[in-house]
Each structure stands twice: as C-alpha cells, then as structure tokens.
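Student: Read off the chains here:
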Amino acid sequence: MSKQTIFLLRDTSLTQDNTRDFQILFLKIARDLGVEDSIQAVRASDLGIYDKGYVVKDLNNKITYANIQETDIEKFLKATIKGEGSVDEFKYTADKCQLRIVLRNCGLIDPENIEEYMAQQGYCALAKALTEMTPETVIDEMKKSGLRGRGGAGFPTWMKWSFARNSLDETRFVVCNADEGDPGAYMDRSILEGDPHAVVEGMILAGFAIGAQRGFFYIRAEYPLAIKRIETAIEQAYERGLLGNDILGSGFNFDLEIRLGAGAFVCGEETALIESIEGKRGTPRPRPPFPADKGLWNHPTIINNVETLATVAQIINRGGEWLAAIGTEKSKGTKVFAITGKVKNSGLVEIPMGMTLGEVVFGIAGGVLGGRKLMAVQTGGPSGGVIPLKLIDTKVSYEHLAEVGSIMGSGGLIVMDEDDCMVDIPRFYLRFCVEESCGKCAPCRIGGFQMLKILDRIAEGKGVEADLQQLQRIAKGMQKASLCALGQTAPNPVLSTMKYFPEEYRQHVEDKKCRAGKCTKMVQYTIDQTHCKKCKLCVVNCPVGAISGSREAGYVVDQVKCIKCGTCYEVCKFKAIVRK
Amino acid sequence: MKKLNKEDILAASKTNPYTGDYVKVGISTCGVAAGAQDTLNVFEEETKRLGIKVDIRRCGCIGMCYAEPLVEVSAAGLPKVTYGKVDKNVALEIIQEHLAHGRLVDDYIFDMPMNR
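Chains as they are written, first to last, in this note's numbering: chain A, 2 to 581; chain B, 3 to 118.
Okay, chain A solo, but in the shape it has when bound (with noise of 0.2 Å):
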C-alpha cells in the first residue's frame, strides 16, 4: 500500500455538525482530482479547536487548516496533495493550548514499569543533584525558578524548604501531601497514577535538599489504584538502589514509605495531617511553630503537594530560569485543573499560568454543555470563590484569583451554567465543609453550622432581610478566628456569590422565587392544560408517579407526592410544564 496523506475532517461551528456532509463532499472532490487513493479522509470526533468553521487536520504533516469553505476543498486537495498552489492561509495553529510540564508523562508512558519512566529523562534529575548539585544548590534553584506550592495556599516551595534546611534539628521529613478532597478535583489521583515516579523523584530530590532521612506519602484510602501504582514505583526504586542506603553512591540515605488517610477533609490540612501520621486524631495545630521548624514528632517537616513535587524533577533538569520563564510575574510555571460541571469535555487539563479563564473554559474545555449560557465559574472548592461571567477574563494565577475574592486552591474548576442556582451552590460547598470540620474550634464548628442554617432558611423561602447581614458577620468572624484553613475559607464561596449574585438572594429572600428551580421548596410544577398534548412522556418519567390523568380529562401533577426532581419540566417537549 502506497503511503496516504491522513485528514481528519471536523465540523466546528458550535451549533450544527454537518461533519458527515462535508466528508462526503471532500472524498467525491478527490475522486474527480483523482487522488482518492492517496488520501484518507477521516472524521474526527474532537480536534480541540472551536468555532472555526470546517476544520482540517493533516495528520502526516501536522498541520491544521481552518474556516475551509466547500469551495475551497478542490484548492485545497490540489495544493496539498498534488502540490500546486499554496493553502497557507487556511493554516492554524492554536494561539493558546495545554502546556504539559506536571502531566507530560501521564497517557504516555506505563506507571508501572520504571523502565519507561527512565526512557523519559527518569531520575536524571536525581542523579544530576546527588553528584553534582549540593543541597544549597538544589533550593537554590527552586529559588529561581518561583514554584509556589500547588495545594492551595501558594507557599514558595524554595522558602519553605530552607526554613527546614536551615533547622538546627538533624532529623527531618518529607511529607507528599495525597490527601485530595475537595468535591471535583482529581488532578493529584491521576498525577499519582499515571506518572507515580515523578512524584517519587520530586520526594527524594526535596529529602536530599532538606537533609531529610524519611519521606512519607500520605494518600487517602479511597484511591486503591494510586495507592498500588505508588507501591509499585517504591519498590522498583528500591530494588534499583534510588531509594535506601548511599543513593547512586553518593552516601545520601533516604527512605520512603506510604500512610493511608481516612478520608477526612481537613487532613489534607498539614498539621493535621501530621497529627495523622503520627496515629491522632486528625484535627490541626494551631500554627506557629510552623511545621517547617516542628512538624512530625516535632521534627522539621516540610508537606508538600503531589503536583508541586511532581515539577521539582523537570526544574533541576531544565533549571529554575526555565519555569520561571512560564507564567505570570508572581506565579510561575502551569496548573493543572479538573475541570468538572456543565463543560463539554471535562477532564484535566494543564495551562500555563496567566491565561484567562474564558480561555480555559470555551478555547481548550470546549464551552458550555449543549451551547448554553455560561453563568459562572467556581475555582478552589470548598474554600474558593464563584467568578461570574462579566470576570471571565480574569487570569489564572494566585494574585489574580485573590483579587476577585476566590483562590486558585487545588485546582477544581467548576462550570455553572444558567440552571444553577447561586444560592444552592455556596449551600453544597458550605454543607461539605460543616459535614468536614473537625469540631476543635468553635468559629468553624458553630459558625459553619448557623451559616448553613440561615442559607436552609433562605432556600426554604424562609429568609428575611437581617439574615444577609448576618451571613456576613459570621463569616467574618470565621475568616479572622478559626484555627486553620478549612474554617477560614469556608465562607468563601457564600461571600463571593453574595458580592456577584445579590439579585438572586433578593429574590430568594423577598420574592421567595428561585430563578434556576433548585431551591426545590420554593418550586412547584404544573401542567398548562392549552399547551398539553396529552404525549404522556412526564407521566411515563415521573420517578414517583405524581402525575395522574387520562387524555380526556388532562393531566395532573399531585403536589404532596411530587419530589420537585424537574423530570417532567426537562422531558415536556411542549413547554406544557410550568416552573414556578
């Protein structure tokens, strides 16, 4: 078989997909060129590019071409594959894309053979600092290269590593903080299990900079894979002497073994985290003594996040002035999100620093789900804040999420779009983190809990005007007094949907009326007789049965058996179901 040019065709435009029309159309014009036999035309189902007309890609060349017309397609088989005339202005290149620094081995090579990850630069890094890098040397290039830790709270890493460097106590930890809690971020999981080495690579090389003798790795029990993988690459590390005694001869001695957390929220919190560790109960430390100067059994520890170790090898192999160079001023290098809610292709993706959201969600994650309106966008979990639409624009970076009131957290990025409800979103936030306190201080236990009280009340339709002032007085109170971060930002995301989003808890509070039809209370379901066309569809998906009736008579929604689930309203092709 001779050699075939491969294009894959897509239809791009957001709301049609005539994909299949034009692929017909592209083969009959290269069967009169008479060049079908040296073609494939294949279509794709995603090619990452947007609202760009009919797009072509080359796959023998790697080139995209864009806003192809029907009539252009004769121009455009002849240039390419008989070589006459030039496409040049059809090609694209995409003017922002994934940066893969912490993810460039995941989906690409087998987490559990060394032999691949070692094929990728594996443990270069290693071996470069333990013969030829002292400890100084390694924080100092971390120094360079302005790696703010990934776990949420931006801590440089280089700072934190010399505080315990700089300890007059000789035994020291490393600690890979696994513990990923927040509702919709995975980013870590699938760090640990599809690149695991990278992650033990990043802890050896902290250990060494350090002066570190034990690492551990703190993951939670729900994640059976990642716990696996991980076992596995220690074990393939020990057998080749990467971890263990005298370390590629250099005489540096460092061990590594796994803790499993119970799942509980506030221990991916670092000092209860240690507390776990060490077998307590696991509720946090107040703070000082930080836990870079008295951390595990009052050790210097440093706690570092899975994808904030998972950069380390790549900084020592490339130099610090390498991730410096991504990014913006003061964050520096990518993110990886979990981009999760009503996107059309959620999963994880890696950008660097300084893009804007708006970019993140319709160039890369592909919009909206089903071409509807972008409401709003919720970074940081539990402990961030709701970005509306009009701040779309706003830059992926610490300094910038802070400014709008959220923070860049772990990396969760939720996508709301006009079905949700601004009052309903911070309550689940706020109910994950009353549900997770640990209960050791009072402004997050008793705080968290009437905040929640007064968000039912609100939600019921219940709310009266003082109940607003008073939502923010309680979490002021929290913010400034609870002992450790789970408290502190818990508000966050009632606090920011109620500086975006007064007009929905006005109406909520005055007109008992919830636009998106979540605050289920508030909600009733009717059926308009004059628009009813007796299909029976709701009648056949109502879950608990609620609507009765015959076509003679009309159909009915009983309110005392109705659950407000919103079946019927979304399956009526008639408009017939009233919301309100």
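Hints are computed from structural coordinates only; laboratory data are not their basis. Incorrect hints may appear among the rest.
To be verified - With a Cα cut of at most 20 Å, we get these calculated SDA-like pairs of lysine to any residue:
#1 A:63 x A:12
#2 A:4 x B:15
#3 A:4 x B:82
#4 A:63 x B:78
#5 A:129 x B:15
#6 A:29 x A:44
#7 A:481 x A:154
#8 B:82 x A:473
#9 A:4 x B:5
#10 A:345 x B:105
#11 B:5 x A:570
#12 B:5 x A:116
#13 A:4 x B:78
#14 B:4 x A:253
#15 A:374 x A:359
#16 A:562 x A:521
#17 A:535 x A:570
#18 A:463 x A:473
#19 B:8 x A:547
#20 B:8 x A:252
#21 A:129 x B:103
#22 A:145 x A:321
#23 A:29 x B:107
#24 B:82 x A:121
#25 A:63 x B:107
#26 A:574 x A:547
Fit chain B to the given chain A structure using the hints.
Tutor: For chain B alone, kept in the frame of chain A given last:
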C-alpha cells in the same frame, strides 16, 4: 538486582521503548470506571486470535476524561492517533479496520493540541 549509577540512568534516558506497532489503553481510575479494562481485554484477545502483531500497552490518564476509555494506536504505517469512547464494539472495529487494513475509524478520533 544491580544498583543503578549515574551512567545507567543517563543511558536509560536515551532508550526508546516505543518501537514497533502498539495499542495503548489508558488504565486509570477514570478509564477503568468507563470500562477500559474490558476494552483492554478485547484488544488482547482479538489481536491474539487474529494473529495481528501489535504490542498492547497500558498507560495513565491523558486528561480527556469525557472521552474515556481512551486508546492510542500507532500501527499499520499510519500516524499515531487517539481514539476515545472505545467500548468493546469500537475496539473490534479498530482491530478490523485500523490494525488489519490500515483504515482509520470514523467518529472516534480525539486530537487535542498540547505542548509537552
């Protein structure tokens, strides 16, 4: 097993484990939840039954969770492509069309631009 030294690591970094034809199935929690294990089994059993010479590999999650199970195919002299939403039937189609006859399968190719 022999303890590695610096030279071993540098030598290993220059090797290329990706020679020859392969099919790579994403086996992470997201993939497995979408049925990647079944997909992997189909590839292993069917290629063996039909005598198609191809390495069946495993890998982690590439991040396109909405399109799991994901399968990367580099075979039959064709450029490397990633297929998404590969259930048993799509897997069989890929074996029949792509692996056996060098024809790409319509409607399941996901090609995301990304820099590494």
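Student: Each hint should be assessed against the structure and marked as holding or not.
Tutor: Here is how each hint holds up against the structure:
Distance check on the hinted pair: residue 63 (chain A) and residue 12 (chain A) sit about 18 Å apart at the alpha-carbon level, within 20 Å; holds. The suggested pairing of residue 4 (chain A) with residue 15 (chain B) is violated, with an alpha-carbon distance near 32 Å, which exceeds 20 Å. Taking the CA atoms of residue 4 (chain A) and residue 82 (chain B), the gap is about 14 Å. The hint holds against a cut of 20 Å. Of the pairs offered as hints, the one joining residue 63 (chain A) and residue 78 (chain B) holds, with about 18 Å between alpha carbons and a cut-off of 20 Å not exceeded.
Distance hint between residue 129 (chain A) and residue 15 (chain B) is fulfilled; the C-alpha atoms sit about 13 Å from each other, no more than 20 Å. At most 20 Å may separate the alpha-carbon atoms for a hinted pair to count; residue 29 (chain A) and residue 44 (chain A) meet this at roughly 15 Å. Under the criterion of a C-alpha separation no larger than 20 Å, the hint pairing residue 481 (chain A) with residue 154 (chain A) is consistent with the structure, at around 16 Å. Distance hint between residue 82 (chain B) and residue 473 (chain A) is unfulfilled; the C-alpha atoms sit about 55 Å from each other, more than 20 Å.
Distance restraint check for residue 4 (chain A) and residue 5 (chain B): the Cα-Cα separation of roughly 46 Å exceeds the 20 Å cut-off, and the hinted pair is therefore not satisfied. For the proposed pair residue 345 (chain A) and residue 105 (chain B), the alpha carbon gap of about 28 Å is over 20 Å, so the pair is violated. Of the pairs offered as hints, the one joining residue 5 (chain B) and residue 570 (chain A) is violated, with about 66 Å between alpha carbons and a cut-off of 20 Å exceeded. Only pairs whose Cα atoms come within 20 Å are accepted, and residue 5 (chain B) paired with residue 116 (chain A) is accepted, the gap being roughly 14 Å.
Distance restraint check for residue 4 (chain A) and residue 78 (chain B): the Cα-Cα separation of roughly 11 Å lies within the 20 Å cut-off, and the hinted pair is therefore satisfied. For the suggested pair residue 4 (chain B) and residue 253 (chain A), the alpha carbons sit about 18 Å apart, so the restraint of at most 20 Å is met. A threshold of 20 Å between alpha carbons decides the hint, and for residue 374 (chain A) with residue 359 (chain A) the separation of about 13 Å falls inside it, so the pair holds. A C-alpha spacing of about 13 Å is found between residue 562 (chain A) and residue 521 (chain A), which places the hinted pair at or below 20 Å, so the restraint holds.
With a C-alpha separation of about 14 Å, the suggested pair residue 535 (chain A) and residue 570 (chain A) falls inside the 20 Å cut-off, and the hint holds. For the given pair, residue 463 (chain A) sits about 18 Å from residue 473 (chain A) by alpha-carbon distance, which is consistent with the 20 Å threshold. Distance restraint check for residue 8 (chain B) and residue 547 (chain A): the Cα-Cα separation of roughly 72 Å exceeds the 20 Å cut-off, and the hinted pair is therefore not satisfied. For the proposed pair residue 8 (chain B) and residue 252 (chain A), the alpha carbon gap of about 14 Å is at most 20 Å, so the pair holds.
For the proposed pair residue 129 (chain A) and residue 103 (chain B), the alpha carbon gap of about 47 Å is over 20 Å, so the pair is violated. Restraint check: the Cα-Cα separation between residue 145 (chain A) and residue 321 (chain A) comes to about 5 Å, which is no more than 20 Å; the hinted pair holds. This hinted pair checks out: residue 29 (chain A) and residue 107 (chain B) have alpha carbons roughly 19 Å apart, not beyond 20 Å. Under the criterion of a C-alpha separation no larger than 20 Å, the hint pairing residue 82 (chain B) with residue 121 (chain A) is consistent with the structure, at around 18 Å.
For the suggested pair residue 63 (chain A) and residue 107 (chain B), the alpha carbons sit about 19 Å apart, so the restraint of at most 20 Å is met. For a cut-off of 20 Å, the pair hint linking residue 574 (chain A) to residue 547 (chain A) stands: about 19 Å separates their Cα positions.
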